[in-house]
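Chemist: Chain E is fixed; fit chain B onto it per the hints.
Note that the protein sequences, when read in sequence, are chains E and B.
By this note's numbering, the letter at position 85 of the first sequence is numbered 1360, and the numbering carries on one by one without gaps.
By this note's numbering, the letter at position 87 of the second sequence is numbered 1362, and the numbering carries on one by one without gaps.
Treat the hints with care, since some could be wrong.
Identical copies go unnamed one by one, so any copy, or any two together, can satisfy a pair.
Within a straight-line C-alpha distance of at most 25 Å, the following computed DSS-like cross-link-like pairs (lysine-lysine) qualify [to be verified]:
| id | residue 1 | residue 2 |
| --- | --- | --- |
| 1 | Lys1353 | Lys1316 |
| 2 | Lys1344 | Lys1291 |
| 3 | Lys1318 | Lys1344 |
| 4 | Lys1330 | Lys1348 |
| 5 | Lys1330 | Lys1316 |
| 6 | Lys1291 | Lys1330 |
It should be emphasised that the hints constitute simulated quantities derived from the structure, not laboratory data.
Remember, predicted model here, so these are calculated numbers, not experimental data.
Protein chains: 2
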Amino acid sequence: MYVILVYDIEEKRVAKMLKLCRRYLNWIQNSVFEGEITDVKLKELIHEARKIMDKEADSLIVFKSRQAKWLEKMVIGKEKNELDNIL
Amino acid sequence: MYVILVYDIEEKRVAKMLKLCRRYLNWIQNSVFEGEITDVKLKELIHEARKIMDKEADSLIVFKSRQAKWLEKMVIGKEKNELDNIL
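Isolated chain E, as found in the complex:
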């Protein structure tokens, strides 16, 4: 399954969340990730994310698509993940 994950997390928790999401998905913009992931791994990611998040303040949205080809991606402006692929 292919997912797009976006979060809005308070600054003090954002570093942990970034690190967690990068273990499972590709970082494509400030707080946006994408990638192929299994159901089991996605459940694991969400489970770990809930531990980091303050559910009254933070938000996490996951869009799931059964196939990547059903989504067409357009990037306008700067591609933020150039360095990320190297590091």
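Modeler: Only chain B this time, still in chain E's reference frame:
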């Protein structure tokens, strides 16, 4: 067509971008929008966005899906757009 739009824009330009995107799509998280939009309207939105953006610094990503039903959305934590629907 159904789209998810995410941006990462420098603070001094973000208010303009937010206002622009809200004219075309539903605001669902800090810098994330979704909604049904025609090809023509999307082109118009991107054209206007380019005028606001500094392409060396800012980033805009649009995921297009021919049908909303191909995407399943999960929201964890706070739903940020509750107020937005009222305002």
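Chemist: Confirm or reject each hint.
Modeler: Against the structure, the hints come out as follows:
no.: 1; hint: Lys1353 / Lys1316; verdict: between (30 Å within a copy, 22 Å between copies)
no.: 2; hint: Lys1344 / Lys1291; verdict: neither (31 Å within a copy, 32 Å between copies)
no.: 3; hint: Lys1318 / Lys1344; verdict: both (22 Å within a copy, 21 Å between copies)
no.: 4; hint: Lys1330 / Lys1348; verdict: between (30 Å within a copy, 17 Å between copies)
no.: 5; hint: Lys1330 / Lys1316; verdict: within (21 Å within a copy, 35 Å between copies)
no.: 6; hint: Lys1291 / Lys1330; verdict: within (15 Å within a copy, 29 Å between copies)
In terms of the numbered hints stated before, the structure departs from hint 2 and from no other.
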